[in-house]
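Number of protein chains: 6
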Amino acid sequence: MAHQLVSQLKKDVQVHQFFLVRQVEERTTKDGKPFLALRLGDKSGVLEARVWNEVLKKCPGPFATGDYVAVQGRTESYQGELQIIVSFIDTVERLQARGRKLEGFDPALLHLATPHDREELWQELYSLAQGHLTPPLQGLVLGLLDKHREEILSAPGAQLYHHPYLGGLLEHTWSVARHAFQSLSIYPGLNAELVLAGAILHDLGKIKELAQPQAPERTPAGHLLGHIVLGWEMVREEARNQEFPHPDLLLQLEHIILSHHGALEFGSPVEPKTREAMLVYYLDEIDSKLKMMDQHLESAPPEGDFTGYHRVLKRVLYKGGERPPEESGGQD
Amino acid sequence: MAHQLVSQLKKDVQVHQFFLVRQVEERTTKDGKPFLALRLGDKSGVLEARVWNEVLKKCPGPFATGDYVAVQGRTESYQGELQIIVSFIDTVERLQARGRKLEGFDPALLHLATPHDREELWQELYSLAQGHLTPPLQGLVLGLLDKHREEILSAPGAQLYHHPYLGGLLEHTWSVARHAFQSLSIYPGLNAELVLAGAILHDLGKIKELAQPQAPERTPAGHLLGHIVLGWEMVREEARNQEFPHPDLLLQLEHIILSHHGALEFGSPVEPKTREAMLVYYLDEIDSKLKMMDQHLESAPPEGDFTGYHRVLKRVLYKGGERPPEESGGQD
Amino acid sequence: MAHQLVSQLKKDVQVHQFFLVRQVEERTTKDGKPFLALRLGDKSGVLEARVWNEVLKKCPGPFATGDYVAVQGRTESYQGELQIIVSFIDTVERLQARGRKLEGFDPALLHLATPHDREELWQELYSLAQGHLTPPLQGLVLGLLDKHREEILSAPGAQLYHHPYLGGLLEHTWSVARHAFQSLSIYPGLNAELVLAGAILHDLGKIKELAQPQAPERTPAGHLLGHIVLGWEMVREEARNQEFPHPDLLLQLEHIILSHHGALEFGSPVEPKTREAMLVYYLDEIDSKLKMMDQHLESAPPEGDFTGYHRVLKRVLYKGGERPPEESGGQD
Amino acid sequence: MAHQLVSQLKKDVQVHQFFLVRQVEERTTKDGKPFLALRLGDKSGVLEARVWNEVLKKCPGPFATGDYVAVQGRTESYQGELQIIVSFIDTVERLQARGRKLEGFDPALLHLATPHDREELWQELYSLAQGHLTPPLQGLVLGLLDKHREEILSAPGAQLYHHPYLGGLLEHTWSVARHAFQSLSIYPGLNAELVLAGAILHDLGKIKELAQPQAPERTPAGHLLGHIVLGWEMVREEARNQEFPHPDLLLQLEHIILSHHGALEFGSPVEPKTREAMLVYYLDEIDSKLKMMDQHLESAPPEGDFTGYHRVLKRVLYKGGERPPEESGGQD
Amino acid sequence: MAHQLVSQLKKDVQVHQFFLVRQVEERTTKDGKPFLALRLGDKSGVLEARVWNEVLKKCPGPFATGDYVAVQGRTESYQGELQIIVSFIDTVERLQARGRKLEGFDPALLHLATPHDREELWQELYSLAQGHLTPPLQGLVLGLLDKHREEILSAPGAQLYHHPYLGGLLEHTWSVARHAFQSLSIYPGLNAELVLAGAILHDLGKIKELAQPQAPERTPAGHLLGHIVLGWEMVREEARNQEFPHPDLLLQLEHIILSHHGALEFGSPVEPKTREAMLVYYLDEIDSKLKMMDQHLESAPPEGDFTGYHRVLKRVLYKGGERPPEESGGQD
Amino acid sequence: MAHQLVSQLKKDVQVHQFFLVRQVEERTTKDGKPFLALRLGDKSGVLEARVWNEVLKKCPGPFATGDYVAVQGRTESYQGELQIIVSFIDTVERLQARGRKLEGFDPALLHLATPHDREELWQELYSLAQGHLTPPLQGLVLGLLDKHREEILSAPGAQLYHHPYLGGLLEHTWSVARHAFQSLSIYPGLNAELVLAGAILHDLGKIKELAQPQAPERTPAGHLLGHIVLGWEMVREEARNQEFPHPDLLLQLEHIILSHHGALEFGSPVEPKTREAMLVYYLDEIDSKLKMMDQHLESAPPEGDFTGYHRVLKRVLYKGGERPPEESGGQD
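Chains as they are written, first to last, in our numbering: chain A, 13 to 344; chain B, 13 to 344; chain C, 13 to 344; chain D, 13 to 344; chain E, 13 to 344; chain F, 13 to 344.
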């Protein structure tokens with residue numbers, strides 16, 4: 013049975029395939045019977061699963077976060093969300109040990125990650141910096157990219173609401189930086205290098221704020237200091253190491269990073285006081301808000317014209333209605 | 013004496029040139045002596061002028077908004093703003109009537125207007141719609157542009173804080189529409205035609221909200237109804253006249269216009285519930301905020317690293333400090 | 013067994029009567045057994061019902077929104093709200109087909125609707141307009157009432173929090189208009205006709221914003237445009253059709269409609285700038301807030317001096333305590 | 013020369029009449045010359061006056077708040093507000109002492125006060141309580157009215173923004189109480205006596221919060237405790253003295269008084285939790301807001317369609333435009 | 013089996029001990045079977061318990077709030093909170109009646125209360141007033157303490173979020189008053205007696221706002237009037253009875269009590285306008301906020317570096333990480 | 013003539029003494045005559061002065077910020093604030109050059125500075141750290157104090173609203189640290205060393221944010237980065253240099269510094285998530301708010317019971333009224 017992507021599962025269908033275990037919880041029914049509440053994922057999303065007592069007796073596990081598992085079961089809708097009622101489950105490891113054939117098992121299908129090729133994103137981002145920055149900003153930006161290549165390639169973009177997956181930070185940064193480049197053609201009066209450097213570096217501190225791209229969590233430093241000041245310090249330190257020759261240019265770049273949330277109440281200790289900082293703030297906003305909307309639209313059930321309520325956007329979204337004839341092949 | 017642009021006047025310099033009278037007020041000093049408080053402008057800006065009693069006796073006027081006047085005087089700084097202490101003033105009309113030679117008088121220099129060629133902006137905007145929209149949106153947008161060509165060419169962008177001059181609406185719309193076009197290359201998943209049509213039409217209601225591009229004022233309808241609903245109605249009416257064939261597409265376009273202030277508290281009766289509406293909202297924000305900053309930076313006195321406080325942005329702006337050597341030729 | 017009104021049901025009583033099905037959901041218990049979660053209503057309210065697996069086997073349905081059903085069961089309290097545990101259920105249609113006698117079945121009892129006679133409300137409202145408006149406002153208001161009679165007679169007043177039922181819009185409008193008439197005796201300086209016309213028309217757009225008075229839902233246009241601008245457009249169009257002769261009077265009436273939510277953050281694109289608009293805003297507020305409180309007090313369980321927390325009012329309400337002797341016969 | 017009411021004075025007219033001095037300040041011009049800045053009033057309003065040095069030498073005063081003065085001068089507009097440039101001024105007292113004839117001097121014309129007959133307002137208010145309340149609320153309300161008759165007859169309604177004059181509190185209370193009576197016919201489910209008693213007593217604490225009805229000022233207790241709790245205590249004390257027999261009824265009345273500002277941020281220590289309290293809150297709001305608008309419209313200069321910005325309402329007001337023919341005689 | 017404190021219970025352990033019943037609810041499972049949802053407490057905290065149908069048949073109760081019960085069962089974690097799955101339960105009363113031995117039953121262990129000795133707190137608080145206040149403030153404060161001794165000894169500090177237990181008000185007052193005394197050494201310019209008296213009396217109204225220290229609930233007067241004005245009135249009345257000789261000093265003390273929530277939106281009808289009032293406001297804030305944090309940290313499960321989200325503080329708290337070697341013996 | 017402190021000057025008195033020039037502005041009267049607007053200060057405060065044209069002719073200066081000047085003149089009240097009308101002014105330098113005797117000239121009297129002995133404050137602060145901190149926090153704190161001794165001794169506490177003078181930062185830090193020490197006796201559960209170290213270091217970044225203690229101004233880095241992150245970086249760097257051995261302890265200290273404004277909207281990039289951070293936030297608040305109140309009360313004119321409106325506190329302050337007999341000698 014071919015792998016059905018989590019994002020495309022419907023209710024009331026048979027499931028017979030592999031997943032990555034992302035969370036495990038042992039619970040008890042109101043009758044006092046134990047059952048397992050799992051969160052199972054693949055590269056397209058995550059959903060709940062239940063292993064009731066009867067099944068659990070036959071499939072006792074144990075199961076842990078990070079296990080690959082083979083699962084049989086049936087989807088159903090519970091309080092508006094899909095879940096799998098499991099009729100069989102075991103780990104790939106144990107199945108292999110018992111010599112079972114694992115038809116269709118492909119770990120690459122099971123990891124939630126940016127849908128883009130991360131190396132390609134990296135190359136485009138790097139080229140943008142190489143091709144459109146000049147010293148000393150070029151040296152500063154490339155120095156930071158080189159030094160943190162591995163972390164940037166894997167870090168998530170946020171804990172929960174946008175790009176919360178492997179490569180999410182890279183995808184977000186790539187998008188904001190490319191947008192910045194486009195925007196500069198509209199606003200030639202701005203210092204283009206500052207905007208571009210700011211767009212590339214604005215969220216660098218996320219590599220210290222968030223851990224575990226597969227299931228992003230804030231680190232203690234992320235909670236207690238935050239990515240804004242952590243990223244600012246990284247830029248400042250690199251500049252010191254490179255003996256960056258233009259204090260005012262550096263100050264303006266630092267200001268872009270510290271002010272990129274746009275307002276004190278959103279966590280920036282200073283608000284944008286230059287046009288370059290203002291633009292980077294808005295481009296960051298656009299990318300994260302559009303991604304949130306994308307994710308919410310994708311995960312919405314097909315019924316109805318509107319999605320459910322989005323807790324951060326504080327609104328429902330319109331899914332679009334009938335299409336003009338010439339667009340009948342495709343869709344929004 | 014060559015015309016010195018208002019935007020480039022310094023304090024304590026002699027002025028001997030022409031202006032457009034933008035406001036006239038008769039006042040009395042604390043000693044009970046009458047004097048004139050004028051606002052004089054040219055294409056680059058506006059400043060205060062004072063005609064004290066002694067001068068007023070020799071130059072009794074009268075003076076009215078819209079008069080071209082020849083002025084001699086001296087600039088000074090009063091509470092952080094420049095003003096002219098007038099030693100001679102008379103209208104061009106009376107001077108001409110008396111046969112005076114009006115060396116250097118050029119009305120084109122005196123009107124506050126977009127620094128761009130309005131016909132060029134119009135052509136670019138129109139081409140964007142013609143080249144990148146298809147029916148039925150193309151017909152709707154071009155229909156509205158054709159119908160309101162003259163008003164769009166002259167309307168201001170806002171009453172006070174951004175683009176408050178002849179052609180301001182056109183300049184703003186042109187900028188937002190071009191930016192939208194650039195942004196669409198970054199966000200291919202959006203309905204490009206909706207974004208572009210929304211960007212072009214979002215502020216159309218301003219032609220009914222604001223009167224007198226030379227000195228923008230809100231009309232009663234502008235005050236009591238506002239440009240958002242006025243523009244929405246224009247789109248809706250044109251669509252009805254054209255028998256626009258796709259109700260849902262039209263609904264989404266109408267939504268972009270009604271929601272383009274981004275939040276209820278900023279005057280939109282609905283908040284953006286589609287990605288297209290969200291993007292147009294942000295692009296409008298970027299253009300108006302960057303323009304506000306431009307205008308504030310341009311009108312700031314040269315002393316100090318920071319401008320004065322901006323009442324809408326609620327902050328001071330950084331004017332930038334020393335520049336890296338390779339940029340010494342230009343910019344900002 | 014006589015019909016027991018939903019609003020008067022207590023816990024732990026037997027139920028044996030008819031309901032209207034307002035919502036149906038198929039769910040699965042934690043043991044994996046299917047059950048039905050229904051919402052059953054009559055003219056006085058709505059409550060939850062559960063058809064567990066054992067019963068479901070005998071009463072398999074199917075059941076759909078809008079069905080009349082005969083139900084036997086028992087009420088119980090679940091998390092502070094009443095629900096019926098169903099022991100028998102079938103549709104009136106199938107029971108009739110099988111020749112069953114339907115004692116006590118009366119559809120009029122089962123529809124949630126204004127407790128008032130809708131024709132009477134309509135007559136009073138209409139007379140108010142006829143008797144106290146003069147041309148041209150009279151023509152405009154009566155024209156709109158005539159044109160939309162059927163929709164106004166059935167539309168709900170809001171989706172959820174006040175008057176969410178058949179005839180709710182009419183009841184609310186009737187109440188606000190009558191209150192306006194009373195208030196005008198206190199504030200004779202206001203333009204009485206404007207206030208009265210504004211009170212009658214302020215929520216007219218709800219007939220386009222909300223669908224299905226039995227279970228109000230926002231239409232796409234309701235979500236994406238909102239009743240405020242939809243109602244404004246209806247007034248403006250009718251005025252155009254009638255060639256309304258007084259532009260300023262019309263502008264003030266339009267302003268009342270657009271500003272009747274009182275502030276930008278509540279969804280009005282402009283805030284009240286006339287006394288007439290201010291008064292209509294407050295009268296609308298009073299009626300919707302008092303109705304919310306009424307509904308919350310009515311649906312509160314009898315125990316305790318205070319209701320539960322109201323999510324829109326963001327407070328608990330006092331139910332009143334002991335009464336003075338002379339009031340023992342009645343009231344509140 | 014007949015008395016010209018302050019509220020009807022135009023700019024650039026001769027003034028030759030009597031005023032009441034409401035404020036006196038000795039100032040110095042920028043040349044170091046002393047002058048007097050006065051505020052002069054009559055029953056219709058207050059305006060600024062200036063006595064420049066030259067005049068001051070001839071009319072040295074002294075002048076104090078509360079003096080009746082004869083004034084000659086000329087009005088002018090200064091920064092959008094009228095002021096009188098005084099050419100002669102002396103007190104009525106000194107003029108009488110010198111045997112001058114005081115043609116047209118009428119103290120009744122000079123006191124800013126409610127335009128209504130205060131005794132009539134009192135009678136209407138008192139009758140409302142007598143006729144529509146029954147014991148024990150009747151006794152409580154009449155007891156408080158009797159006890160504080162003199163203070164209620166003279167107290168202002170607020171320090172500055174609405175009813176800031178002799179009899180203002182009475183006028184406001186009378187208006188709110190009459191409106192409450194009208195509203196009760198629309199909302200028969202409410203406890204009518206509670207609403208009426210609450211409407212009559214809601215602002216009683218103002219007699220302790222504000223001093224000097226001619227020029228209202230907050231007392232220390234007004235600043236440090238506020239009229240809300242001061243009024244509450246008065247009701248509570250009177251009830252204790254009368255041995256009010258129904259604790260719950262009293263509690264609800266007290267709640268109306270404490271919650272009548274409608275929300276914590278407006279100074280009520282509790283928010284309305286009964287329908288009666290909610291209604292009294294809104295009726296108070298309506299009366300104070302409409303009065304603010306009245307006062308702002310009345311004091312606006314005749315030019316233009318809109319008033320200046322109102323600092324409490326945070327908006328400009330529309331003055332109304334052309335009128336329909338049938339209203340040409342009268343209106344608003 | 014020794015008593016295990018609720019605050020120290022872990023999941024998956026056997027429980028065999030006594031509790032105080034704090035809440036009882038009869039519910040039905042989704043299969044329609046009845047079960048009991050209890051809240052059981054001891055002096056260290058409260059937790060949920062479930063008596064499923066099978067057990068209920070053997071242990072039918074009845075059970076009521078306030079019963080002492082013997083319980084056997086096992087803890088488990090349900091949605092992140094501990095609960096007991098009960099296998100046996102009966103009341104101490106019935107067990108005693110049947111002659112059972114109640115090993116380890118100690119009522120003192122079962123009541124939630126301040127961890128301090130209440131008499132000691134009282135003595136310290138009283139001594140502070142006696143030793144550091146002089147007449148007339150001393151008389152006023154001691155008079156109020158004497159009169160309300162019993163209520164202060166038992167009242168809770170708040171309904172839910174800080175000190176919600178027997179003696180909580182006393183503990184909070186003692187802490188704020190002692191802190192005030194310390195702070196006065198840093199700010200010698202303040203009126204020390206006012207600060208101290210204000211600190212002692214600021215929350216006195218809580219004895220009327222809250223009932224039942226074991227399970228604090230707001231009284232009707234607490235809901236409709238609030239502790240701030242209730243406490244103010246108590247002070248004012250006592251002062252009247254004592255013929256307090258210094259009206260201004262009293263006014264300032266009253267102001268401290270009314271303004272001690274620091275801002276209108278937090279329920280004070282006036283904001284602090286003296287330094288003494290400002291200090292008392294902050295000291296109250298510090299004590300309640302630190303206590304909230306204490307309670308949240310104590311009730312947090314041991315896993316992870318951060319607590320769950322606190323609904324009033326609107327944040328997670330850091331539990332602290334590794335400790336430096338020299339602190340290994342103790343604390344935090 | 014003895015030096016009259018600025019803080020004790022009354023209106024309408026003769027002035028004949030020395031000042032420090034803190035600001036100079038050349039202006040023009042409405043008649044076009046030049047005059048000087050000066051701000052003159054001594055150690056107790058600052059006030060405006062005017063040198064009108066006639067005087068300016070005799071006393072042409074020039075005058076610059078930082079000059080010591082001898083002044084004769086007279087105080088007057090202008091718009092509620094004192095100013096000096098100067099009849100003679102010259103610099104001490106020029107007077108000395110001309111051999112004039114400078115009776116009573118004492119620079120120490122003229123510098124606005126903390127009223128405390130700065131060396132004593134420093135010693136107390138240093139001893140607190142030495143005596144109550146242990147390694148490694150002791151080393152970190154003393155290291156930073158040693159390194160920045162000179163800057164801490166001179167830096168102001170804020171630009172304008174509290175401690176805006178030489179030694180202001182030291183005075184504020186000393187006060188907060190001593191208060192912290194006192195508070196720790198009330199809250200023994202907190203990590204005392206963290207609180208103390210946090211209190212001492214919380215505002216360290218001000219030495220980089222503000223320049224010129226005599227007339228504090230924000231530096232570009234102060235504007236674009238802010239003292240919060242600047243101070244955090246200093247601590248972090250010192251810790252790195254000292255190879256601070258306990259990462260978690262350091263993290264908590266860093267958190268105190270970053271969160272000490274208490275909320276995002278007040279400029280902290282993170283909010284307090286530990287009790288230690290919460291306490292330091294409140295102690296900082298108390299000290300700055302009480303100082304603001306002190307300064308406002310001190311600069312208030314003696315008339316009336318209340319001060320003028322304070323723009324940051326957004327309220328008027330009570331100055332206190334009559335005093336009880338036993339306090340007649342002293343206080344407040």
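Keep in mind that the hints are not guaranteed to be accurate.
A pair holds if it fits inside one copy or across any two, identical chains being indistinguishable in the list.
Each computed DSS-like pair below joins lysine-lysine, with the alpha-carbon atoms no more than 30 angstroms apart [what the hints assert, rightly or not]:
| id | residue 1 | residue 2 |
| --- | --- | --- |
| 1 | K301 | K113 |
| 2 | K45 | K301 |
| 3 | K301 | K326 |
| 4 | K301 | K22 |
| 5 | K69 | K45 |
| 6 | K45 | K23 |
| 7 | K22 | K113 |
| 8 | K22 | K69 |
It is worth saying that the hints were derived from the structure and are not from the lab.
Status of K113 relative to K301 across identical chains (alpha carbons, at most 30 angstroms) | neither (43 angstroms within a copy, 59 angstroms between copies)
At most 30 angstroms between C-alpha atoms: does K301 with K22 qualify within a copy, between copies, both, or neither?
-> Within one copy only: 26 angstroms inside a chain, 41 angstroms across chains, cut-off 30 angstroms.
What label fits K22 with K69 when the C-alpha limit is 30 angstroms: within, between, both, or neither?
-> both (28 angstroms within a copy, 26 angstroms between copies)
Alpha-carbon proximity between K45 and K23, which holds within one copy, between copies, both or neither at 30 angstroms = Close inside one copy (26 angstroms) and across copies (16 angstroms); limit 30 angstroms.
Same-copy or cross-copy closeness of K45 to K301 [CA-CA at most 30 angstroms] | Neither way: K45 and K301 sit 42 angstroms apart in one copy and 40 angstroms across, limit 30 angstroms.
Intra- versus inter-copy proximity for K326 and K301 (alpha-carbon distance at most 30 angstroms) = Both: 12 angstroms inside a copy, 23 angstroms across copies.
Intra- versus inter-copy proximity for K113 and K22 (alpha-carbon distance at most 30 angstroms) | within (27 angstroms within a copy, 42 angstroms between copies)
30 angstroms Cα threshold - placement of K45 relative to K69 = Both ways: K69 and K45 sit 11 angstroms apart in one copy and 18 angstroms across, limit 30 angstroms.
Going through the hint list in order, the structure does not satisfy hints 1, 2.
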